[in-house]
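**Q** Take a look at the letters that make up each chain.
Protein chains: 4
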Amino acid sequence: MKGIVYHGQEDFRVEDVADPKIQDEHDAVVRIEKTAICGSDLHLWHGDPLPITGFTLGHEFGGVVEEVGSAVGRFQKGDRVVVSCTAGCGQCSFCHRHLYSGCQKVAAAGAFTNVFGNPLLPGGQAEGARVPFADTNLFRVPESLGLEQALFLTDILPTGTMGAELAEVGFGDTVVVFGCGPVGTFAQRASQIRGAAMVIAVDLHEGRLERAKERGCIPLNPAKEDLRERVLELTHGEGADAAIEAIGVPSLVRDAIDVVRTGGRVSVIGVITADEVPLPIMSGLMAKNLTFRAGLVMPQNHVQSLMPLIEQGRLDPTEIITHRMPLADGVAGYEVFAAREEDVMKVVLTP
Amino acid sequence: MKGIVYHGQEDFRVEDVADPKIQDEHDAVVRIEKTAICGSDLHLWHGDPLPITGFTLGHEFGGVVEEVGSAVGRFQKGDRVVVSCTAGCGQCSFCHRHLYSGCQKVAAAGAFTNVFGNPLLPGGQAEGARVPFADTNLFRVPESLGLEQALFLTDILPTGTMGAELAEVGFGDTVVVFGCGPVGTFAQRASQIRGAAMVIAVDLHEGRLERAKERGCIPLNPAKEDLRERVLELTHGEGADAAIEAIGVPSLVRDAIDVVRTGGRVSVIGVITADEVPLPIMSGLMAKNLTFRAGLVMPQNHVQSLMPLIEQGRLDPTEIITHRMPLADGVAGYEVFAAREEDVMKVVLTP
Amino acid sequence: MKGIVYHGQEDFRVEDVADPKIQDEHDAVVRIEKTAICGSDLHLWHGDPLPITGFTLGHEFGGVVEEVGSAVGRFQKGDRVVVSCTAGCGQCSFCHRHLYSGCQKVAAAGAFTNVFGNPLLPGGQAEGARVPFADTNLFRVPESLGLEQALFLTDILPTGTMGAELAEVGFGDTVVVFGCGPVGTFAQRASQIRGAAMVIAVDLHEGRLERAKERGCIPLNPAKEDLRERVLELTHGEGADAAIEAIGVPSLVRDAIDVVRTGGRVSVIGVITADEVPLPIMSGLMAKNLTFRAGLVMPQNHVQSLMPLIEQGRLDPTEIITHRMPLADGVAGYEVFAAREEDVMKVVLTP
Amino acid sequence: MKGIVYHGQEDFRVEDVADPKIQDEHDAVVRIEKTAICGSDLHLWHGDPLPITGFTLGHEFGGVVEEVGSAVGRFQKGDRVVVSCTAGCGQCSFCHRHLYSGCQKVAAAGAFTNVFGNPLLPGGQAEGARVPFADTNLFRVPESLGLEQALFLTDILPTGTMGAELAEVGFGDTVVVFGCGPVGTFAQRASQIRGAAMVIAVDLHEGRLERAKERGCIPLNPAKEDLRERVLELTHGEGADAAIEAIGVPSLVRDAIDVVRTGGRVSVIGVITADEVPLPIMSGLMAKNLTFRAGLVMPQNHVQSLMPLIEQGRLDPTEIITHRMPLADGVAGYEVFAAREEDVMKVVLTP
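Order-wise, the sequence lines are chains A, B, C and D.
Take the first sequence: its letters are residues 1 to 351, numbered as in our numbering.
Take the second sequence: its letters are residues 1 to 351, numbered as in our numbering.
Take the third sequence: its letters are residues 1 to 351, numbered as in our numbering.
Take the fourth sequence: its letters are residues 1 to 351, numbered as in our numbering.
Read the hints as simulated data drawn from the structure, not as lab findings.
Please read these numbers as outputs of a predicted model, since none were measured by experiment.
Treat the hints with caution; some may be incorrect.
Which copy? The list can't say, so a pair holds if one copy fits it or any two copies do.
Unchecked claim - Computed list of lysine to any residue pairs in SDA-like fashion (alpha-carbon distance at most 20 angstroms, straight line):
#	residue 1	residue 2
1	Lys105	Gln304
2	Lys105	Gln76
3	Lys2	His43
4	Lys213	Glu66
5	Lys105	Gly237
6	Lys105	Gln91
7	Lys213	Arg97
8	Lys77	Ala339
9	Lys105	Asp135
10	Lys105	Leu232
11	Lys2	Leu232
12	Lys213	Arg314
13	Lys105	Ala71
14	Lys105	Thr235
15	Lys105	Thr262
16	Lys105	Glu238
Make a model of the complete structure from these sequences and hints.
**A** Written out as structure tokens, the structure is:
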């Protein structure tokens, strides 16, 4: 079958890769119908060359179950599914606590290719994929939904949702979301659904800010107005209740700390490649009694609440799709996405 | 000045009452511009005659501060305010915990007339009122809002909001709200704003169900379809995550327990006059590991989050007002409200 | 093998029963080394005759794994284990939410015999037992612990712990625990470990109250002093923060509501056989803004925290064992336990 | 009266200072009977010279109310009290949320001298002090307690307690506490009372570790054994559930992040004078889905739970007092404390 393969920085190729096969009784094999390029894939595209090449990319995909191992109890051939980007075994002490990102078994066995470039498990920018511990890592797509509507449950929709959750966004809150890209958009949507009275959307792209405004956010371009002053003005001098960094820029983490009020909450969901980020513990976190959280997404914890919101029409995740292409043109997809033009939000590929 | 005075069952009269005066250094006197008739006032209208008569009714009102005692720090003459129906002293151990309904000092000193008919503190269906512990029990109305928009912060908007809070309504939940009257309407709105994917609105009035549907709820008339079966059908056989009783009928409390799933939450905000309600502890609450809560509203705990939601336009509390009259016609207002015609939701009086 | 078999009210017999066998790939067979008689077994001993007889009793047991089905991943022959009294499949939507008591699959397939007398799954007052969904329902006993120390993790230790959790007992709280039997004892211990400043232990047995006092509780015999007055006296007139009903008597549920303060929490973990219990919703739950919870235990949710407390010596569950007998004398064990003499707390049987 | 006055680095003097007087109707004047030297006072002793000199030091003190302003409602002359080190006005939007450290009114009006050297409000290492907003910032000492038992409610006991709270230490947890000084000791005690199964106490002083062991902690000297390896060994390879930094050393904050498990919580209560601390957001906080909190203590939020724990004897805060001296010898007290000999924990001065 065909897949997009990593050969180095800016050298991705659509080529023949091995067909996925059941290797363990908990595995499933999925025939892929939709697969997306994630912002974190761009870290591999732009980043330092990895020591290993030749692996298949992609961790946002779904399709139809083609085969299941003997111990898989919840799924069978023919089921329409999307796949969690973070895999867990479902039974270790971390998975029992719903902390799938800490699963030791999966860490040992490999995970889908992501920002860390873990090459042990072939990714899903391909015509098919093997999914380990299928009962834990597959999500059934209800009949009422098209596959594209459920596709982002694999990663970025739960990531944005987690951003709002980690920042404890709630009823009547004012929240500042740094970034109006795909993850930022979903963090804004999740904040609104959780009851925020005011979502302040920060970005440098005027077009993106315009769309944020259409979504009911208050746009803020820090190149044009003073970030801190504007937030204070909007919050009667108090500062925001919460802030979400959804881009991955160290200075924005400090800005997030800066704009929240005493007792505020800051979450970081943008991928930061810097080893360490200097943070004002005393004058920022301590003096303002802040809660600060960062996290890897565990879609398993969000599907049960997100699915009905999509089914009931309170959320339409397809709003971020700007480009649709065949998988065969996947390299062009990467090029378009990497150019970061303002009107490129999300590229979905169809094998 | 004029006020509506209790003289017995269905015998309320607009007559001259004493002008309010500062009696304690923490008091404020408010000149009333808007005052509403609450569903709980009807318990007095319809209920057994009370042993005491001659007191002024009303606990949903607002206006302009006319005078403040020497210890009042947050308000001054001329401030536009609405008044909390539950008063607290602000300093006892209960008030410190934000449990104003448990305030011993206010219990001893009297409270606004309400369902319990406490006559010690004259009510607010009048041209003015004295408000004890003004710093704790007055809420400032922002310039951007009209008084009517803030009026229901005195009682029923926080009551509906509390219903959703006590039932822990959250992101992606399905919630059943019993009642589409003023409190039920606000419980539905609060549930939506807190992130419910599906709000099932239960009522016997088709017109009210129709309006609930327009608000995005799923209407359910238990006279026309089986309540439990319909809820199970809408929730894939699981039952609802939460249920809110917003009318005050004992059998509906049992229905609320019946329609939620294992691990569900039930709140009761409707006023129940029965001494005791038989509940299925073993087969209902215990077998399903439920959380059950009831409560008196403490508007002080909700204003800080509700006010920005109103200011930002996510919530328009005036949607329930169906009748506006002068205070002088207040008895007619009671008669209209007591008739419980389907299209009567809320009567607002203007002195 | 031998087991204790139900033949009707006060007619239990030790007799030959079928050997347990693997019937499903998720099963395990356990050779039983310790098994206990639970207070809820007494409901069967004393209760109305059930329509079905001939089933093996018992749901508090542990021993050594003898065989596992092919899909069992976490356990193997030779592992020392105890068994959860509430079984879950581990994969349905309820089990995913850690609400094992709501598991539909197990409800359909049967559960260990308990107060409900469900006879579909042979119980553990026997020399061996089949355990369904072993990965979810077995708990490994650490080498540092004897089997008796872990035995009550099967049911009553998590039940008492859950009582404190449902009543949200916390740092500095005053809590009233109704009952000083095995479950009450553990509810008191759990309350102390969660940080209660004062645990008021209520019972009619002076000997049990004496032992509660030795555990650091304040004893209260409602036959000798007024319950409500004494609690108010101990709490500076405020009432307790929380109350736990650990016996199963309807009037004590009302007492629990009566002794807590505004904003208090009440949990019911005692088994109540009455169909319905009349509760003061308006004057009790609503007027005091209470949280009320009841629940079936799900040991799976407590083992991860209880095990280290036992290992570190903060908790010694064997303190309640007053009688040890061979399984062959199990009927005598029931008779001793059923007599409810004050100094009989827990009977442990050894096959 | 006499007080200890700041004249520069290592230049503190006992000298005559102005008598405290009521300046505002919410003030109280307290005659001081006990006052302590705090670790944060040492930052002033050792630190860079401040631009202002001549102010009275001290923020851990208590005594007897001598006079109250006209608006003070909860206290009167003769009441035994201790004083909160963090003052709030009690009425602004931050105080209403119990976020006294964010009180704008007090920030504007000055606060007791602390690590920041704010000189506007004379401190309490003196014979008396004026306390602003007395109703909010005084705590009554129950008759059953001596003043020394309540003295540390002013600052370090709530600080240690807050450390455990911010790290969400709970039932069955393993927690690593960095530091066995006064604050660390209280963080360990609070962790135990909140239900930790294992408290790992980290320090370089063997004597302090020995005393931590006597308190039931597991001592760990990172100069003698590898911190991370030892924690992993004690936690079956998982890492600790929580960690509390109670010293104020940037590298220990990173160690705290390093020793907790996926899903763990880290709190910082040690005072860090560095402007910024480099933290591993990606590899530490994000990869492990951590919660990170720092905070200034607000004793108002802890007294209601700590007082009964002291009264019931679950906690004896005087355990840390190693030196008692007259106020007149206060400079010697600073010298002893500043030498940081292992057996010096806390110096209490008596005017």
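**Q** Using 20 angstroms as the alpha carbon limit, work out where Lys2 and His43 are close: within a copy, between copies, both or neither.
**A** Neither: 22 angstroms inside a chain and 65 angstroms across chains, both beyond 20 angstroms.
**Q** Regarding Lys105 and Gln304, is the shortest C-alpha distance of 20 angstroms or less found within a copy, between copies, in both, or in neither?
**A** This pair counts as between: shortest inter-copy Cα distance 19 angstroms, intra-copy 24 angstroms.
**Q** Since the copies are identical, ignore which copy is meant and state whether Lys105 and Gln91 lie within 20 angstroms (CA to CA) inside a copy, between copies, both or neither.
**A** Answer is both; intra-copy 9 angstroms and inter-copy 18 angstroms each pass.
**Q** Give the relationship of Lys105 and Ala71 under a CA distance limit of 20 angstroms: within one copy only, between copies only, both, or neither.
**A** Both: 17 angstroms inside a copy, 16 angstroms across copies.
**Q** One pair to classify: Lys105 and Glu238, alpha carbons no more than 20 angstroms apart. Within, between, both, or neither?
**A** between (46 angstroms within a copy, 13 angstroms between copies)
**Q** Cα distance capped at 20 angstroms. Does Lys213 pair with Arg314 within a copy, between copies, both, or neither?
**A** both (18 angstroms within a copy, 15 angstroms between copies)
**Q** When Cα atoms must be at most 20 angstroms apart, do Lys105 and Asp135 count as within-copy, between-copy, both, or neither?
**A** both (15 angstroms within a copy, 15 angstroms between copies)
**Q** Evaluate Lys213 and Arg97 at a C-alpha cut-off of 20 angstroms and name the case that applies: within, between, both or neither.
**A** neither (38 angstroms within a copy, 31 angstroms between copies)
**Q** Since the copies are identical, ignore which copy is meant and state whether Lys77 and Ala339 lie within 20 angstroms (CA to CA) inside a copy, between copies, both or neither.
**A** Cα proximity of Lys77 and Ala339: none, with 39 angstroms in one copy and 58 angstroms across.
**Q** For Lys105 and Thr262, with the copy left unspecified, which applies at a CA distance of at most 20 angstroms: within, between, both, or neither?
**A** Answer is between; shortest inter-copy Cα gap is 14 angstroms, intra-copy 40 angstroms.
**Q** Regarding Lys105 and Gln76, is the shortest C-alpha distance of 20 angstroms or less found within a copy, between copies, in both, or in neither?
**A** between (24 angstroms within a copy, 18 angstroms between copies)
**Q** Between Lys105 and Gly237, at a C-alpha cutoff of 20 angstroms, which is it: within one copy, between copies, both, or neither?
**A** For Lys105 and Gly237, the Cα distance is within 20 angstroms only across copies (13 angstroms; inside one copy 49 angstroms).
Checked against the numbered hints above, the structure breaks hints 3, 4, 7, 8, 11 and satisfies the rest.
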